[in-house]
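Engineer: Line by line, the protein sequences give chains A, B, C, D and E. In terms of this note's numbering, the first sequence opens at residue 1 and continues consecutively. In terms of this note's numbering, the second sequence opens at residue 1 and continues consecutively. In terms of this note's numbering, the third sequence opens at residue 1 and continues consecutively. In terms of this note's numbering, the fourth sequence opens at residue 1 and continues consecutively. In terms of this note's numbering, the fifth sequence opens at residue 1 and continues consecutively.
No lab work stands behind these hints, which were simulated from the structure alone. All of these numbers come straight from a predicted model, not from anything done at the bench. Ideal Cβ positions, reconstructed from N, Cα and C, are used throughout, including at glycine. Careful: at least some of the hints might be erroneous.
Here are some chain C residues pointing at chain E (derived, C-beta under 10 Å) [as the list claims (entries may be wrong)]:
1. Ser-72
2. Thr-102
3. Ala-108
4. Ser-111
5. Tyr-140
6. Glu-142
7. Gln-149
8. Ser-153
9. Asn-155
10. Ala-156
11. Leu-184
12. Ala-186
13. Arg-196
14. Arg-197
15. Ala-199
Far from chain D, by Cβ distances over 12 Å, these chain B residues were calculated [as the list claims (entries may be wrong)]:
16. Leu-68
17. Val-88
18. His-97
19. Gly-277
Next come the chains, spelled out residue by residue.
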Amino acid sequence: MSTVPGDGLTVRLDLALLGFRLDVDLLLPGAGVTALFGPSGSGKTTCLRAIAGLEAGAAGQVRLGDRLWQDSARGFFVPVHRRPLGYVFQDAALFPHLSVRGNLDYGARRARGDGPALAFDAIVALLGLGPLLARRPSHLSGGERQRVGIARALLARPRLLLLDEPLASLDDARKREILPYLERLRDELAIPALYVSHSIDEVARLADHLVLLEHGAVVASGPLRATLARTDLPPAFLEHAGVVVEGHVVRQLQDDLLLLDIAGGQLLVPASGQAVGQVMRCRIATGDVSLAMAPARDTSIGNQLPVTVLQVVDASHPAMCLVQLDAGGTRLLAQVTRRAWKRLGLAPGASAWAQIKAVAGLG
Amino acid sequence: MSTVPGDGLTVRLDLALLGFRLDVDLLLPGAGVTALFGPSGSGKTTCLRAIAGLEAGAAGQVRLGDRLWQDSARGFFVPVHRRPLGYVFQDAALFPHLSVRGNLDYGARRARGDGPALAFDAIVALLGLGPLLARRPSHLSGGERQRVGIARALLARPRLLLLDEPLASLDDARKREILPYLERLRDELAIPALYVSHSIDEVARLADHLVLLEHGAVVASGPLRATLARTDLPPAFLEHAGVVVEGHVVRQLQDDLLLLDIAGGQLLVPASGQAVGQVMRCRIATGDVSLAMAPARDTSIGNQLPVTVLQVVDASHPAMCLVQLDAGGTRLLAQVTRRAWKRLGLAPGASAWAQIKAVAGLG
Amino acid sequence: SLRIAAAADLKFAMDDVLSEFRRSRPGARIDVAYGSSGQFKTQIQQGAPYDLFFSADIAFPRELHAAGLAASDVVPYAVGRIVLWSVRHDARGLTLRDLPRTEFNRIAIASTVHAPYGMRAEEALRAAGVWSAVEPRLVYGENIAQTAQFVQSGNASIGIIALSLALSPQLRAQGGYALISDSLHAPLEQGFIVTRRAARNPHAHAFAGHMQTPGARAIMARYGFELPARADRLR
Amino acid sequence: MFSPGDITAILLTLKLATVVTVLLILLGTPLAWWLARTRSWWKRPVAAVVALPLVLPPTVIGFYLLVAMGPDGPLGRVTETLGLGLLPFTFPGLVVASLIYSMPFVIQPLHTAFEAVGDPPLEAAATLGAGPVDRFFTVAVPLARPGFVTGAILGFAHTIGEFGVVLMIGGSIPGETRVVSVQIYDHVQAFDYARAHWLSGVLLVFAFVVLLALYAFQPTRARR
Amino acid sequence: MFSPGDITAILLTLKLATVVTVLLILLGTPLAWWLARTRSWWKRPVAAVVALPLVLPPTVIGFYLLVAMGPDGPLGRVTETLGLGLLPFTFPGLVVASLIYSMPFVIQPLHTAFEAVGDPPLEAAATLGAGPVDRFFTVAVPLARPGFVTGAILGFAHTIGEFGVVLMIGGSIPGETRVVSVQIYDHVQAFDYARAHWLSGVLLVFAFVVLLALYAFQPTRARR
Ligand SMILES: Nc1ncnc2c1ncn2[C@@H]1O[C@H](COP(=O)(O)OP(=O)(O)OP(=O)(O)O)[C@@H](O)[C@H]1O
Ligand SMILES: Nc1ncnc2c1ncn2[C@@H]1O[C@H](COP(=O)(O)OP(=O)(O)OP(=O)(O)O)[C@@H](O)[C@H]1O
Ligand code: MOO
Ligand SMILES: [Mg+2]
Ligand SMILES: [Mg+2]
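The whole structure should be built from the sequences, with the hints applied where relevant.
Structural biologist: Structure below.
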């Protein structure tokens with residue numbers, strides 16, 4: 001992940017639609033996944049379309065690394081088909097006159113060559129498209145269509161991936177199959193991706209960078225961890241987001257657990273393929289952190305860290321509050337009842353123990 | 001909720017599509033929400049379409065209460081437009097030639113009169129469609145389109161709601177706005193709804209009845225609580241599902257909490273509008289239950305119940321297992337690490353304390 | 001009122017005859033349709049509301065008469081003549097025997113299948129012994145007016161058209177013509193009938209009579225029609 | 001500029017083209033709808049038969065119609081029995097002939113447009129309680145608007161311009177069957193080019209305006 | 001049954017209809033595409049002008065073409081300067097005239113069909129690296145197939161059947177410009193009804209087969 005201008009994705013766009021204006025100025029990393037998050041109608045799709053060059057009315061600049069794609073001040077505009085990108089449309093946008101295979105081949109045959117090559121068969125297998133290859137899109141289910149759209153974009157060997165809610169109509173099982181694959185893409189291919197999603201789980205898992213859009217404007221933009229630890233964001237967002245921590249694997253334990261060194265302590269995490277010494281990312285949901293005044297014994301809770309209370313903010317339900325904690329350098333966010341907050345006599349500066357019920361390894 | 005045949009929705013259908021066969025025999029309650037759950041391509045949409053009468057090739061019987069809709073053995077078939085239903089299509093299927101208002105009016109004007117009447121303005125406000133009324137569907141965002149589709153179906157005053165992933169492309173905030181409304185619909189209107197969703201949260205929150213589809217066949221069908229407490233279902237499903245408990249509100253506490261009487265004890269739950277004496281439903285996710293050998297003190301965890309371990313089954317991650325617990329009549333499901341399971345020396349029949357980090361009130 | 005169906009070659013002569021006749025019957029509504037004689041015959045057989053039928057070929061009114069569709073005898077009113085006509089060349093000194101010359105690369109005649117003027121043109125070309133020489137260069141007009149247009153537009157270097165057209169105000173100014181000897185082809189006998197539906201139409205009988213008046217005959221002659229003997233009735 | 005005959009012919013033509021276009025849309029719509037929706041074996045043969053009159057020369061069609069509608073023809077017998085008299089050489093006869101000849105130009109675009117409507121909006125309408133007729137008028141017809149515009153344009157223009165059939169079946173009776181096309185044709189045949197040009201020019205300008213107005217009903221393309 | 005003249009005419013007609021249909025598709029496609037995609041102010045006027053030749057009687061169009069292509073006409077001067085000679089009374093002349101007259105029947109359905117394609121599939125193709133020409137041929141054309149079928153059917157049938165223009169510009173030269181429509185017309189005019197019926201019958205049967213074959217290219221409706 002890098003934020004060197006010459007290496008990243010610069011998006012400075014201004015576009016007026018009917019009753020809506022998109023006005024963004026973003027400098028995004030040139031590798032890894034940037035999540036685009038925001039309520040319905042906030043301009044996520046419009047932003048992706050403008051970056052792709054599909055919005056003729058968009059003024060501004062788009063630059064990927066050292067390649068300028070658009071600079072309306074200079075009248076410069078690289079047409080869509082010359083921008084080496086892969087676009088997964090919100091509604092799949094498959095070619096109705098081609099079979100599934102025809103749709104996939106369409107992208108593969110025009111692959112612009114400089115993006116990473118992916119094996120046709122591997123992608124077909126991953127997305128479970130084997131039995132569907134001969135079908136027409138009109139004979140597919142909603143989720144099947146979306147999977148074909150993902151495969152088609154990947155096979156085009158893009159240098160930038162634009163994903164508009166690619167997993168929205170997939171079941172959890174299928175999501176869990178595809179997510180690791182997208183993670184691998186992120187890590188191995190080192191191509192940047194812009195990922196629109198309504199699912200914080202997906203975002204927390206995949207994204208390195210987070211952009212929050214509202215009413216066509218950028219509310220927040222920054223590295224995932226830093227952004228998630230901010231308490232000035234809308235509570236509904238914070239609650240669902242949780243925090244993301246990173247650490248080094250120090251030991252592999254039996255029972256498929258890993259011991260992770262993080263700033264301020266150690267965590268036990270379900271293994272997900274990392275070797276000792278590797279960096280691992282985990283998400284800790286606000287709801288999975290409880291507070292106690294002393295470490296508990298004889299509990300199935302495997303992780304307990306001494307923490308200092310930093311501040312408390314409102315959660316979206318009045319019975320609850322969000323407590324920001326510092327665990328020796330690692331920021332945590334706990335959602336507890338106001339009742340418990342009072343009963344435990346907590347206040348900023350107080351010491352306590354954070355009991356972490358679940359830590360999700362994010363690969 | 002009733003399962004008297006004369007009152008419920010009988011669906012006995014057999015339909016062959018290209019490379020796919022739907023063969024279901026369901027008796028669903030005549031009120032409340034039935035969730036249709038299953039992987040992509042499992043036949044959820046096809047099943048909804050067949051119930052609506054949109055699949056001409058479907059053989060079998062459909063009956064809503066005392067009204068027969070279809071009986072192919074007798075050559076009886078009520079055409080779609082005479083079935084008083086509201087259908088929210090997976091892809092919205094708005095009329096491209098009508099404005100948003102035109103789309104809404106289309107359903108409202110043809111409202112079949114026997115379903116419950118809903119105020120136009122209320123629905124428009126709820127779904128945030130006010131500023132969009134004059135727009136064409138082609139000028140809407142993905143989520144906006146879906147919201148129009150929901151409003152249109154509701155305004156048709158249906159006696160049966162068929163909802164095909166109505167919230168799939170909506171953000172969490174918007175979902176949280178709409179869900180209580182759907183809940184109110186469920187409770188007040190007493191019309192049955194079939195709800196396709198990939199989100200267990202939505203399902204657990206809304207559904208009274210659960211149908212699991214796989215490869216066009218019914219894997220499980222039954223009341224939500226009973227079905228969620230089954231441990232013979234796919235672990236990926238169980239993990240995400242958690243359990244649902246019901247109890248009576250016995251007291252309103254300060255800090256917006258309610259005290260709930262359930263079989264085997266009491267629970268503290270964030271209030272969501274219930275009065276003392278009312279029944280309230282809560283979902284307890286598997287990840288929110290931890291086990292301890294003794295009650296903990298000085299912790300933010302507000303709910304601790306003495307339990308007996310019933311059985312343990314594999315979770316989808318090898319480091320984890322699912323433990324079924326009996327809390328004096330209430331079944332709970334805890335997801336704990338195998339390491340903790342061993343460390344605490346747990347086994348079927350053992351006594352322990354269930355610490356419940358979060359209980360989500362479902363209204 | 002009076003409705004007349006008249007062969008296309010009569011266009012100019014008939015217009016003049018009619019303007020005279022109209023003067024004698026103010027108030028009467030008189031319409032003429034000019035067209036293909038054969039088509040008129042078919043239409044009258046199917047009940048077309050024409051009171052008088054002036055055919056370019058006397059055979060058609062005869063057939064109608066034989067079928068009982070006439071309220072009068074068949075009256076021959078003119079004999080048509082054909083001419084060589086060109087706007088590109090001076091046709092005045094030419095004869096049919098000049099046609100094989102290469103400068104006449106396209107030669108227009110009316111349809112030899114159904115247009116009376118075309119049939120006579122073919123007969124004349126054969127009689128002059130040039131048919132096989134010119135046949136590859138022939139282009140056929142659907143009727144005689146179209147044939148004249150082929151020539152007039154310069155697309156055909158020369159053509160065989162009706163004398164009545166060559167003498168018409170519109171074409172007289174352009175090019176010149178050479179009369180083709182009527183010994184080379186059967187006579188273009190033209191005849192008319194009063195149709196059965198006009199049996200009791202006084203205007204129809206009046207106009208039939210008017211055609212025999214010296215004034216009408218003079219007009220016909222001016223447009224190059226040869227006139228049959230007065231009141232000569234053929235059966 | 002214009003003779004009274006020209007003006008009569010223009011008015012007559014307008015009347016004919018309007019009546020024929022309206023009737024063609026009314027009659028052609030159900031047939032085109034059937035063609036677009038049916039799964040019957042007959043679909044393609046019927047569609048081909050609709051286009052078939054096109055391949056015969058207009059005058060020949062006119063001839064066959066003349067014979068069929070004449071006193072000894074099957075159609076003529078029917079109209080006479082019904083007390084309608086004979087159709088040839090009357091305005092209604094012209095209308096019938098033009099209907100037959102211009103039919104394919106209206107049916108074809110409607111057929112294509114109805115096919116392009118697709119199932120989803122019709123299904124959505126059905127679930128909202130719209131019966132077959134209701135959804136036909138409130139969904140299929142509005143969505144097939146481009147086809148209606150094209151069909152009206154082709155049908156209207158072709159009825160104005162066609163004259164082979166009209167000449168044969170109409171017999172060029174002023175005020176009754178002598179339409180502008182016949183009038184222009186007569187001017188050309190009489191070498192009266194000035195009047196032919198004038199009349200053609202007026203016809204073209206007028207038709208241009210009508211066509212432009214029809215195109216104004218063509219919806220513009222949506223952005224996404 | 002048939003005279004050698006009939007057979008020559010049939011073959012000539014086939015050749016003409018085929019050449020004209022192919023050329024119309026080739027020439028009409030870019031124009032229809034422009035009409036469907038442009039946001040230019042000219043769009044509707046141009047679309048109206050394309051349909052305009054329809055409103056003039058075929059023989060009158062033929063007359064104007066005859067003059068324009070003649071030695072003193074603007075087109076004739078061009079063809080003569082180019083050493084092509086004059087077009088009237090030649091097969092190429094017939095082709096040019098038929099192109100002009102049948103053009104709207106091909107342009108209109110193509111225009112409608114291209115408009116129905118819509119942006120999404122073209123945008124998807126662009127993001128997959130397909131340039132304008134590429135996506136035109138691989139996306140727009142296949143999706144507009146119904147329009148091509150309709151256009152081909154109307155253009156083909158109309159070229160076979162139209163004879164006013166052909167008569168005027170062709171001069172009815174056997175083997176060169178005397179097509180079946182003229183031949184049938186001649187038979188009818190010569191009261192040779194038996195041969196007219198025969199030839200019409202054969203033409204109808206043949207055209208029916210061709211049209212049916214064209215319809216076989218019409219995609220069937222998708223289920224959802
Ligand atoms: N004409 C058809 N239309 C839709 N699906 C078809 C058709 N023919 C066969 N199928 C198959 O039927 C199966 C069931 O499709 P259905 O749309 O009911 O799935 P679903 O459960 O709604 O999936 P999703 O969650 O992806 O929307 C799919 O495997 C699909 O490929
Ligand atoms: N032609 C248009 N097409 C799409 N959206 C338009 C158009 N004109 C105006 N808008 C508005 O632009 C806003 C942004 O739309 P956009 O599709 O980018 O939203 P989004 O963030 O992707 O929402 P969703 O999550 O619902 O897909 C919406 O409020 C929409 O109504
Ligand atoms: O008047 Mo004719 O029938 O064209 O020779
Ligand atoms: Mg969107
Ligand atoms: Mg589905």
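Engineer: Does the nearest C-beta of chain E fall within a distance shorter than 10 Å of the C-beta of Ser-72(C)?
Structural biologist: 23 Å, violated
Engineer: A closest beta-carbon separation below 10 Å is what the hint needs, so does Leu-184(C) meet it against chain E?
Structural biologist: Result: violated, 22 Å to nearest chain E Cβ.
Engineer: Holds or violated: is the Cβ of Ser-111(C) closer than 10 Å to a Cβ in chain E?
Structural biologist: 6 Å, holds
Engineer: Would the hint on Tyr-140(C) be counted as holding, given a Cβ-Cβ threshold of 10 Å to chain E?
Structural biologist: 4 Å, holds
Engineer: Verify the interface restraint on Glu-142(C): the C-beta must sit less than 10 Å from at least one C-beta of chain E.
Structural biologist: 5 Å, holds
Engineer: Quick one: work out the minimum CB distance from Leu-68(B) to chain D and report holds if it exceeds 12 Å, violated otherwise.
Structural biologist: Holds: least Cβ distance 19 Å, greater than 12 Å.
Engineer: For the hint on Ala-186(C), just tell me whether its beta-carbon gets within less than 10 Å of chain E.
Structural biologist: 17 Å, violated
Engineer: So His-97(B) supposedly isn't at the interface. Is its beta-carbon more than 12 Å from every beta-carbon in chain D?
Structural biologist: 4 Å, violated
Engineer: Should the interface hint for Ala-199(C) be scored as holding, given a Cβ-Cβ cut-off of 10 Å against chain E?
Structural biologist: 26 Å, violated
Engineer: May I ask you to test the interface hint for Gln-149(C) with respect to chain E, counting a Cβ-Cβ separation under 10 Å as satisfied?
Structural biologist: Check passed: Cβ of Gln-149(C) comes within 6 Å of chain E, closer than 10 Å.
Engineer: Val-88(B): least C-beta distance to chain D exceeds 12 Å?
Structural biologist: 9 Å, violated
Engineer: If you take the shortest Cβ to Cβ gap from Ser-153(C) to chain E, is it below 10 Å?
Structural biologist: Holds - the Cβ of Ser-153(C) comes within 10 Å of chain E, reaching about 4 Å at its closest.
This entry does not satisfy hints 1, 2, 11, 12, 13, 14, 15, 17 and 18, going by the numbered hints stated previously.
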